[in-house]
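Spelled out from the first residue to the last, the chains are:
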Amino acid sequence: MRKLWRPSKPTKRTAPDPTVRLKARIARLLERLATAEGTLEAIHLGHVDALVVQGPDGDQIFTLEGADHRYRQLVETMNEGALLLDAEGIIVYANARFAQLVKTPLDALIGTQFRRFVPEAWLRMVEALLKARGGSNAEVELLAGLRARVPVYISSTAGWDVDMQVTYLMATDLTHQRRSQETIAAEGLATLIVDQAAEGIVVCDLTGKVIRASNAAHRVAGENPLLRQFADVFRLRTADDANVAPTIVASALRGEVTSGLEVTLNHDADAETTLLLSAGPILAVEGAPLGCVLSFVDVTDRKRVAQERQVLLEGADAARIAAETANIAKDEFLAMLGHELRNPLAPILTAVALMRIKAGDVFERERGIIERQVHHVVSLVEDLLDVSRITQGKVKLECAPIELALIVSRAIELASPLLEARGHRLTVDVPEGLVIDADATRMCQVVTNLLTNAAKFTEHGGDIAVTGTTGTGSGAGPEIVLTVRDSGVGIAPALLANVFETFVQGSRSSARSEGGLGLGLAIVRSLVLLHGGLVSARSGGPGKGSEFELRLPPSLRSRSGAQPPVAEPQVESAVRPRRVLVVDDNEDGANLLSEALSALGHTTRVAHDGPSALSLAATFRPEIALLDIGLPVMDGYELARRLRTSDTAVPGLTLLAMTGYGQESDRRSAREAGFDDHMTKPIDFNALAALIERTA
Amino acid sequence: MASRKQVTRGQKTVLRLYVAGISARSTRAIQNARRICDENEGDCELAVIDIFQQPGLAKDDQIVAVPTLVKKLPPPSRRLTGNLSDLDVIRVGLDLKAR
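Chains as they are written, first to last, in this note's numbering: chain A, 17 to 712; chain B, 869 to 967.
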């Protein structure tokens, strides 16, 4: 550059020198020229990016090639999808990322309507977005490929490109973010739930590694299970599989569900926990497994309790069976006891009868004592056997209409020895016309028991009143009511409830003075119940006497002239002599009986077993044979059959069975075996004599 | 004509750089303008104007081509267009004393 230079003149303070101004002006001009030249040079050399050119509508910028390279780079490589839409919404530009987002190739993208990528549900939102002045943004969803959707955050701006209205769009993929957020939110919630759960909950990833575990799971594991293999931490076994955890995890990861499997967890040598385990897959939205979840409940206690209960139940069962067995054994024992006790009694009575026959009045008092005492023992034994029979359900009633008055009078007869002995005053008010359906013997037994009870528990010279009336029962219609009242020792309130139980007695002193086994009232109640009636006891308390009330349904059948139950035949000294064979393995009994019979005038023979009886019968040819059923080896039935069917059988032989059993079944068996009749030991000698007399 | 290379201490320097977008040239120009500004004692103010972003402003300084660096203060106003990659060239072109 050429510089114009002028030597500077000393300036006078007179008028400004026009040259100075001029010079300055020139300098400035030169400056400008220099700058302009520099600019031109720069342009010429290509050192500029763009030129600003004034146009009719404003300045235009002309960009030289390469200047916008970086813009392109940015838009093409950024992580956001970028779009340029024309005024109709057609995509005129899209970057690769957007193509990726909507899973469509670029060439199918550019030139397409943008709304083609908007799901129906989001169309309105997107339209609003595009229309918004000054631009806007929103979270929407776009269609990605054929079926999927992608959540995006779209920013839109309206703009002008030369003379076109355009819309610039930026789309940010929210998939990861949303999933993260949802996951985070879900995680937070899940963690809360999982931690609070009473059950052990364990979440495993696809490799079987524990990624989540509830507090309970930590406890059950006994150590930190996180980030370790489930099967390593939880050593589980079942009855079939010693190490079942890997199998369960594998099956859950495959998508299979396990439900309520009982497994055992071994901690150390002793501690064993029983768990109820369930497992299943965790599936992603598309259905692929993400992992699995296992949950378990500690049922050790429950199991132990159940086992204990089982043991208790079995124990209770066993105890019950034992008790029942014992009860049956007791009943059988009582029955056996009764029979055994009864056997010796028969000979005693027979002997006494014999004594009377042989010796008349000698030792009458002593004989009387013996008889009474033996009868007493017999009645005790009968009571015992009754109770046992009743509890075994072996008592059969033969009911018929009968006057209560008759039963009462008979009962009084039986009880009178005791009543007299105790000096009691007896008042009876039982009118005729009170008819009940009853087994005469048994009902007599009931009333007798009540009377003897009253007599026993009243001091000497007391009062006993027997009353019979009709009454109305609770809704069941008319009843026949029998009351036995005494002025005796009464019943304590505590005892009142149990007074009809077996073996329960009143105060020891009064009961003991008259003996007894405490069975009387028990028998009364059982028999009354069998008759369809009720018996109850009342008392004012100790010393205030007692009252026993019997309620029975009246007989529906017309009164027949019921006969007194027992007719006692008298012993006749003159009899038709018969040939009688007595067979009993009890030698004393057999001999005594035979003596007694011969004392009456009969011809007798004795055998102590079956075979000897048979041979004796062959020669003796008895008319009547008395056979004890309980013979050893060959029992009475067998003997009877043989006697009937042997070639030496005596035609018209009357066979009488002697048994310790009074049961219906025995009567039947006796008849079936060929017996003509049957007597229960101890044999009522008078009855036997009468029976023999009656035999043809 | 000699330009007086004169920077009065404490006097503010105001530079304006006009660029077009984010080309390599623009980047270098921006960098160097910043350096020049920083090495000045006293105040230095640098404004970068992207004529793509703010096209109207190009008119103020009657910009013809970019990148152009204009020194507004201290007077006299100077400008430099084109290659702004050399610091010395810039200093000379804008009458800025080198430090």
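Accuracy of the hints is not assured; some may be wrong.
Within a straight-line C-alpha distance of at most 20 Å, the following computed EDC-like cross-link-like pairs (lysine to aspartate or glutamate) qualify [stated by the list, open to error]: (1) Lys374(A) / Asp73(A); (2) Lys119(A) / Glu348(A); (3) Lys410(A) / Glu448(A); (4) Lys927(B) / Asp73(A); (5) Lys927(B) / Asp75(A); (6) Lys225(A) / Glu239(A); (7) Lys410(A) / Asp399(A); (8) Lys940(B) / Glu47(A); (9) Lys940(B) / Asp963(B).
Bear in mind the hints are in silico, worked out from the structure with no lab data behind them.
**20 Å limit on alpha-carbon distance, applied to hinted pair lysine 927(B) and aspartate 75(A)** = Holds. Lysine 927(B) to aspartate 75(A) sits at ~8 Å (cutoff 20 Å).
**Request:** For the pair supplied as a hint, lysine 119(A) and glutamate 348(A), confirm whether the alpha-carbon distance does not exceed 20 Å.
**Result:** Distance of about 96 Å is beyond 20 Å: violated.
**Distance restraint between lysine 940(B) and aspartate 963(B), which requires alpha-carbon spacing of 20 Å or less** = Satisfied, since the Cα-Cα distance of roughly 11 Å is no more than 20 Å.
**Message:** Hint check: lysine 410(A) vs aspartate 399(A), CA-CA at most 20 Å. Holds or violated?
**Reply:** holds, 14 Å
**Request:** Mind checking the alpha carbons of lysine 225(A) and glutamate 239(A) for me, to see if they're no more than 20 Å apart?
**Result:** Satisfied, since the Cα-Cα distance of roughly 15 Å is no more than 20 Å.
**Asked** Quick one, are lysine 927(B) and aspartate 73(A) close enough, alpha carbons at most 20 Å?
**Response** Distance of about 14 Å is within 20 Å: holds.
**Proposed proximity, glutamate 448(A) with lysine 410(A) (alpha carbon, max 20 Å)** = With a Cα-Cα distance of about 32 Å, the restraint between lysine 410(A) and glutamate 448(A) is violated, given a limit of 20 Å.
**Message:** Between the alpha carbons of lysine 374(A) and aspartate 73(A), is the straight-line distance 20 Å or under?
**Reply:** violated, 171 Å
**Request:** Mind checking the alpha carbons of lysine 940(B) and glutamate 47(A) for me, to see if they're no more than 20 Å apart?
**Result:** Since the Cα atoms of lysine 940(B) and glutamate 47(A) sit roughly 15 Å apart, the hinted pair holds (cutoff 20 Å).
Checked against the numbered hints above, the structure violates hints 1, 2 and 3; every other hint is satisfied.
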